[in-house]
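Per our numbering, residue 26 is the first one in the sequence shown, and the count goes up by one each step.
Be a bit skeptical, because a hint or two may be false.
What follows is a list of derived Cβ distance ranges for each label pair [what the hints assert, rightly or not]: (1) K72 with T162: 40 to 48 Å; (2) L123 with A165: 14 to 22 Å; (3) E93 with T178: 28 to 36 Å; (4) S69 with N197: 32 to 40 Å; (5) G146 with Q62: 37 to 45 Å.
If you are wondering where the hints come from, they were derived from the structure by calculation, not from laboratory data.
For glycine and all other residues, C-beta sits at the position ideal for the given N, C-alpha and C.
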Amino acid sequence: MSHFIFSRHFSLAALGLSATLLVSPFAHAESALIEPQTLIVDQSLPKAQQQAMELAARRYGSFWNSGEKALANAALSPQFVDKTPPEGRVQGPTGPLLASKFFRTAVPDLSCEIEQMIVAGDRVVVHLHFRGHFTGTFKALKGQGQRVDFRATDIYQIDNGRIAANWHIEDNISLMAQLQAQPPAS
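Given the sequences, and given the hints that come with them, work out the whole structure.
Structural data, given as structure tokens:
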């Protein structure tokens with residue numbers, strides 16, 4: 026049985042969220058969440074807060090790895106705000122859901138790893154590594170099986186165990202070059 030120690034900084038709402046998560050279908054799926062290759066944690070944070078922050082970030086990374094909508098819904102606050110949205114992206118949790126669905130039409134085998142995760146204050150910084158093959162369509166481009174391999178860095182603001190805000194930057198120069206690249210001649 027897990028024991029949680031809550032500081033005065035950890036709200037009753039987070040306690041309610043933790044109880045909900047323990048009885049949710051995610052309780053079995055937690056071990057299947059992707060793990061960061063490197064984890065750096067501010068040891069002055071209460072353990073329960075560290076765990077809740079890491080869990081939200083791992084769920085969101087696992088969402089990008091799998092496309093599972095339920096993982097994004099569990100990771101993101103209903104009031105989620107994308108602080109650096111690409112042009113045309115819908116705000117709120119719907120934005121990442123649509124972005125994932127759209128990108129997976131281009132790269133159906135998309136996978137995501139968390140190379141680094143830093144947990145400090147009310148923030149989690151993740152360095153994500155995406156891989157797959159461009160076999161679908163992306164705007165006017167039709168994939169020919171070319172490899173896709175790019176990185177992104179996100180800064181999540183965590184509130185009550187969920188991602189309330191995200192600042193992100195993707196290596197779009199590499200991504201666009203790969204999407205437009207021709208596969209090697211056989």
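Now the hints, each set against the structure:
no. : hint                       : result
1   : K72 with T162: 40 to 48 Å  : holds, 46 Å
2   : L123 with A165: 14 to 22 Å : holds, 19 Å
3   : E93 with T178: 28 to 36 Å  : violated, 22 Å
4   : S69 with N197: 32 to 40 Å  : holds, 36 Å
5   : G146 with Q62: 37 to 45 Å  : violated, 22 Å
Of the hints listed earlier, those the structure fails to meet are numbers 3, 5, in rising order.
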